[in-house]
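So the chains spell out like this:
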Amino acid sequence: MAARKKTGRRHPLASAALLIIGLVAAGGASVAVGSVANAEPAPAAHTQATAAEGEALFRANCASCHGIDAEGTPNGVSLIGVGAASVDFQVMTGRMPMAFQGPQALQRDPQFTQEQSDAMGAYIASLAPGPAVPSEEQLDTSVVDEEGVANGAELFRINCAMCHNVAGAGGALTEGKFAPHLRDIDAAHIYEAMLTGPQNMPVFNDQNISPDEKREIIAYLHYLDENPSVGGFDLGSLGPVSEGLFIWIFGLGGIVAVTVWLTSKPN
Amino acid sequence: MTTATPQRPTLTSKASNYLDERTSISTMVSMLGRKIFPDHWSFMLGEVALYSFVVILLSGTFLTFFFEPSMAEVHYEGSYVPLKGIEMSAAYASALDISFDIRGGLLMRQIHHWAALLFVAAIGLHMLRVFFTGAFRKPRELNWVIGFILFILAMAEGFTGYSLPDDLLSGNGLAIINGMIKGIPIVGTWISYLLFGGHFPGHDIVPRLFVLHIMLLPAILIVMIGLHMVLMVVNKHTQFAGPGRTNDNVVGVPVMPMFAAKAGSFFFIVFGVIALISATFTINPIWNYGPYDPSPVSAGTQPDWYIGFADGALRLAPGLESEILGLTLSWNILLPMAVLGLFIVLVMFYPFIEAWITGDKREHHIAERPRNNPTRTAIGAAGVWFYAIMWAAASSDLIATHFHLNVFQVTWALQAMLVLGPFLVFWLTKRIAIGLQKKDREILLHGYESGNIRRLPGGAYIEVHEPVGEYESWRLKSFEAYEPVMVRPNEQGRITAGVRARAALTRWFFEDRIAPVTRGELEAAKHDDH
Numbered sequence: 001m002a003a004r005k006k007t008g009r010r011h012p013l014a015s016a017a018l019l020i021i022g023l024v025a026a027g028g029a030s031v032a033v034g035s036v037a038n039a040e041p042a043p044a045a046h047t048q049a050t051a052a053e054g055e056a057l058f059r060a061n062c063a064s065c066h067g068i069d070a071e072g073t074p075n076g077v078s079l080i081g082v083g084a085a086s087v088d089f090q091v092m093t094g095r096m097p098m099a100f101q102g103p104q105a106l107q108r109d110p111q112f113t114q115e116q117s118d119a120m121g122a123y124i125a126s127l128a129p130g131p132a133v134p135s136e137e138q139l140d141t142s143v144v145d146e147e148g149v150a151n152g153a154e155l156f157r158i159n160c161a162m163c164h165n166v167a168g169a170g171g172a173l174t175e176g177k178f179a180p181h182l183r184d185i186d187a188a189h190i191y192e193a194m195l196t197g198p199q200n201m202p203v204f205n206d207q208n209i210s211p212d213e214k215r216e217i218i219a220y221l222h223y224l225d226e227n228p229s230v231g232g233f234d235l236g237s238l239g240p241v242s243e244g245l246f247i248w249i250f251g252l253g254g255i256v257a258v259t260v261w262l263t264s265k266p267n
Numbered sequence: 001m002t003t004a005t006p007q008r009p010t011l012t013s014k015a016s017n018y019l020d021e022r023t024s025i026s027t028m029v030s031m032l033g034r035k036i037f038p039d040h041w042s043f044m045l046g047e048v049a050l051y052s053f054v055v056i057l058l059s060g061t062f063l064t065f066f067f068e069p070s071m072a073e074v075h076y077e078g079s080y081v082p083l084k085g086i087e088m089s090a091a092y093a094s095a096l097d098i099s100f101d102i103r104g105g106l107l108m109r110q111i112h113h114w115a116a117l118l119f120v121a122a123i124g125l126h127m128l129r130v131f132f133t134g135a136f137r138k139p140r141e142l143n144w145v146i147g148f149i150l151f152i153l154a155m156a157e158g159f160t161g162y163s164l165p166d167d168l169l170s171g172n173g174l175a176i177i178n179g180m181i182k183g184i185p186i187v188g189t190w191i192s193y194l195l196f197g198g199h200f201p202g203h204d205i206v207p208r209l210f211v212l213h214i215m216l217l218p219a220i221l222i223v224m225i226g227l228h229m230v231l232m233v234v235n236k237h238t239q240f241a242g243p244g245r246t247n248d249n250v251v252g253v254p255v256m257p258m259f260a261a262k263a264g265s266f267f268f269i270v271f272g273v274i275a276l277i278s279a280t281f282t283i284n285p286i287w288n289y290g291p292y293d294p295s296p297v298s299a300g301t302q303p304d305w306y307i308g309f310a311d312g313a314l315r316l317a318p319g320l321e322s323e324i325l326g327l328t329l330s331w332n333i334l335l336p337m338a339v340l341g342l343f344i345v346l347v348m349f350y351p352f353i354e355a356w357i358t359g360d361k362r363e364h365h366i367a368e369r370p371r372n373n374p375t376r377t378a379i380g381a382a383g384v385w386f387y388a389i390m391w392a393a394a395s396s397d398l399i400a401t402h403f404h405l406n407v408f409q410v411t412w413a414l415q416a417m418l419v420l421g422p423f424l425v426f427w428l429t430k431r432i433a434i435g436l437q438k439k440d441r442e443i444l445l446h447g448y449e450s451g452n453i454r455r456l457p458g459g460a461y462i463e464v465h466e467p468v469g470e471y472e473s474w475r476l477k478s479f480e481a482y483e484p485v486m487v488r489p490n491e492q493g494r495i496t497a498g499v500r501a502r503a504a505l506t507r508w509f510f511e512d513r514i515a516p517v518t519r520g521e522l523e524a525a526k527h528d529d530h
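From first to last, the protein sequence lines are chains A and B.
My numbering puts the first residue of the first sequence at 1, with every later residue one more than the last.
My numbering puts the first residue of the second sequence at 1, with every later residue one more than the last.
In case anyone wonders, no lab produced these hints; they're calculated from the structure.
All residues carry an ideal CB built from backbone N, CA and C; glycine is no exception.
Treat the hints with caution; some may be incorrect.
[Stated by the list, open to error] Estimated spans, in silico, between C-beta atoms of each pair:
id	chain 1	residue 1	chain 2	residue 2	range
1	A	Ala25	B	Glu463	46 to 56 Å
2	B	Ile495	A	Glu175	53 to 63 Å
3	B	Val230	A	Glu175	54 to 64 Å
4	A	Asp225	B	Ala416	23 to 33 Å
5	B	Leu194	A	Met201	35 to 45 Å
[Stated by the list, open to error] Computed list of lysine to aspartate or glutamate pairs in EDC-like fashion (alpha-carbon distance at most 16 Å, straight line):
id	chain 1	residue 1	chain 2	residue 2
6	A	Lys265	B	Asp39
7	B	Lys84	A	Asp145
8	B	Lys477	B	Glu523
9	B	Lys138	B	Glu480
10	B	Lys438	B	Glu521
11	B	Lys236	B	Glu141
12	B	Lys84	A	Glu146
13	B	Lys138	B	Glu472
14	B	Lys262	B	Asp39
15	B	Lys262	B	Asp248
16	B	Lys236	B	Asp39
17	B	Lys84	A	Asp184
This is chain B alone, in the form it adopts within the complex (with noise of 0.2 Å):
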């Protein structure tokens, strides 16, 4: 019923009326609001990151209400009977107290923590889903890059934060960094006195872990952040293939007025799994540590599972040491930073090597499924596992513990795994993923298997097959191809050492693939089944 007579304004027409004529904000508002999400649950990852994003800082915001970042000497007088009296900083006190004298303090405290698990945890699952979807590609190869400083600050105040209750755990974590920068040759007792202020443990090291984990590291995510979400809505979003899904195009649902009632009440489901499991579970019971004090370990000292990669490296590492001109050079840490630093380096620049090597310098917009890119997906399942075996080591003695397992022989084997598993998981990830294209060709060429058998006038027996509906076919047969890159001379005529470095890679990266069924193999197919 559309009548022509004025309507008179109304107060939200006038409100948003007042705001577009200051702000121009309707621009912003169509655009955005015109922003289309891809309805996959894969998709969702990142927001769940966002969100216990968001939760930790409420949480934690609280938290700073009440937490005193000093490492002054005081005598606890709080609820907890065990600690009474005892000698500890001022940091660890208010900590206990935030956990049995403050109302809601021990709730606010277990949500910032178990918040920030889940923060670090949707990260890697959402990289896992950029990584392996191969959605990293051109155009989106910085936004990758952003999102790992993300997953680094990440951690950077996962670990700032555990450091901060000034408790055995934090101090014994604090204790093995400085044992690593100590470990660095010439630099490394500088490093140390200069961060802890002089002798570890010092009367400094919380206060500053303090600034850094609520001011600048934040202020640095928030950016951040920020940076990922706008490159996301300039690169819209990819999606998988399928009918009416290009690579020019994003099907899916815009974020007014549909996604946002969904995403909003998405934050609420997270953080109510987060409330839930912080009203039922313990994390981390800094009671039951006691103050720092550098000559106690607890048996099952371990960092947040985030940092365990890096102290399963340590564990894996080699007992080696030498001594040049004086100097000792501590293998058994040197080694292990080399080695993740190279990781980290080779994960954040992913998608320029993977790029130099394909040659590819298309935009990509349709998501693949893993099985389509055969070696990367290899490539990324050894990392999986690389990444894994350390994490695993980190607990090593609780393995050993638990699976009633002599804990060298545990060691033992997690290093062999981390050095020739890499390899072995590569090759079978490569092996699966093609014998799923092959399977995929056949389904779509020959039909999938209907359970049906039928008896030939001759005494036979065939299991008819079934044609892929026109609708699930195009989820088969819509993957690009690739060809590897020639050896070609360039404008001087010369081959270069870096063109056939770079022609051997791609033949290595491409060599085994399964080409996309073509039109001409479809019609073929048609006619000899039918």
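The shape of chain A in the complex, shown without the other chains (with noise of 0.2 Å):
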């Protein structure tokens, strides 16, 4: 019996190899067939972002959720009147497509270019009437001056650090949501969730923060970016908690080692 095992057809291995190269067939034919998907429409050279483009670019990456004209179904909102600017914020902050369904839509590298998030921001505009991407002149924060920056930094604290915290660091919402950091994040990106209100965050509109309040907001978040903590390590600026637990995990903890190799007995 033990003989017959030994010299057997098929190797004690076999089956687990078999499995292992039915699964990198699948998993790599998936992969392939996920990249064609994506890279199929991408047309080469093409600077001028049509409506036509956008849409084959919808039905073939949104559509599933988001409804075949965009009018939503259980898995996905409609995306009728949501505008340019909210198509080129959750795509091109790679929050679109949704990696998985969960409390929020995480961010993640964007799976498209700029001219393909743009053609599919122009087939979603074409639809109806919505916010528009923001212009070069609406982000030019060059022009904000300092009592500009101060401006921007109260209208923060008092519009958006609730949930992004003072520092921008985020902070945590209901129900597993949370309010991302703000960290060198792009104007444009800023502008464009300040107009739509992407996930949970509420819309500020221009009669609510104007468009020149809007770009003051952005200066200081820059700001924040380009001046790193006077102080020395911000320790991801999250306040107390994190500076009491350096405070025992380090200050206390090195002190107590230092205590220990003081009253060290010499071997």
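Take the two lone chains and join them into the complex the hints point to.
What follows is the structure, given as structure tokens:
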């Protein structure tokens, strides 16, 4: 019996090997198909974003959740009237297409080029009027003076800090949702977020916070990016919690190590 | 080389003689100079607290030169751009000036704040050491109470200091205090108006807290520290058991000259560590928070770590409210206040509670190893757990964001851990301590496992157990035996309810005890093994 097993046709690891080969093949194929699906409608050297190309991209990548005509399904909201600003924000921060259904779409590397995103934005904008992508001039923070930065900081503390933390470090919301950190975020995306209120964020329209004020808020956030904490490492700008952890672990921990060393007996 | 020739008096001897003739200081020096400090690292934690307090005093004095404790409105004209021209209180403006426009000011502010965090942390660890080694037993119960008052004072100092810069963070802290005070039925609103001089936040609270922070509280603290040290000298140090260490002596190093030198250099090490941290790590970047304004609250608004347990208690309290005769009772505030109050009282008076339960009137100068008093160690561990859960709850939002959890679920989990956890921790700690005691017994009686495997002529394998040396065995066998207090009638021949309760409690305290190894057992074991 034992001898027969040894000389059997199949190696004991054969089934495992077969399984691995099968999984690799299936996974590889799915990756290949996925990338083809993404790459297929990408028109090379195309500068003019058109609604027709956007529609094709939308059908291939978004329609499964948002509906074939962007009218929405139980799995995804209607996109009629959300405007090109919304598309640019969601797609170019990598939140859409969503990695998985969860409390909130997570940020990741964008899955499309700017041209592709603009094409989809043009398609969505063609369905119904909605907020447009901000212009270069609206995002030009170089015209904001010191007073403007101070005003932006004040507006940020009043309107944004509740969820995003005064230093833009982010914070928790209900039911597993959260306000993301605001460090090193593209000006356009900050502007669009205020304009369109993505996910759980409220809309700050132009009556609420004027375009000039939006620009000042962006200028303040960029000021924070460009001017690291004057006091040294900022421990994530999370406030007293990280400070407390630090003093217990490294401060008191280090000093306890010193006390052990001071009272150690020579061997 | 001793010679009989009379030496000419040196300058030092003349000076000290001059001093002694006028102050009789030599008696004190000879007494204090021979004060013995045992050589164990855990005995230096109180020193860490003391030295960080000195650092706090030094840096705090610097800060008072430039801080303006006033809530008068000014427009900021300093060099931090995002606040230029913003209306704020003079207190906040001067705190910003210390940070940006006064040379060395930011370093001093950070030293002051980091040292404060270290101060309270060192007190906490020092208290844990005293608790778990039973060093609070007679005759040191009063010093435990004084030490605990120091802990409370340190928290009060911390909180008043946290509130002084009048930035958004400190204002939010005061808003919570205001809410808690107003949650007290009937008198709450009156107390709040009294404290804040009218409507919250008013214009009085910063100058008032400033007086408390730099005058009253430090004065009481210093007096209490003095008392704490005097009692420490009077009672002498405890020490861990060891050869030559008994309940009637202290083995260690005298203050003069070795310990003084060591302690002096240790002060500079502590100062150095604080300075290093302060020079490299930001603490409380008040410029981010902006001036206090009652409307905004930043995400991640937390108190400093030592107030965290109170914040956490508020976060974990169920949102209950009831109305009696038109009076609103906010149980979400009253309940945590009651629980925290009870917790603090229990910790403060624990030495007396334990002494009453055990009926132990002996003096104790040998520090117990935590395992040798399993019930106390388990009570302590359960208390630490209870505190730690409340502490963790103060950062429930950050736990949720950083571990991608639902903040509600985090709160529910912490609530369950707060209520059920202490019982589990108590049981687990007690079993572990008893297990360790049994292991100690085993090692004493049958030796330790040497790792040396022998084959017997019959073919069986045994591991050779080596007896522990005389020196090490001291640590294992010298602890005191306790007996439960028996129910006995008093002089009138009656058994009172108090006696019964006490007997029940001491039975609970000691029922699972492991007795120390006796001489007889040791002898018998020797005969068995060899």
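Check the structure against each numbered hint from earlier and tell me which ones fail, lowest number first.
Of the numbered hints given earlier, those the structure breaks are 4, 13, 15, 17, listed in rising order.
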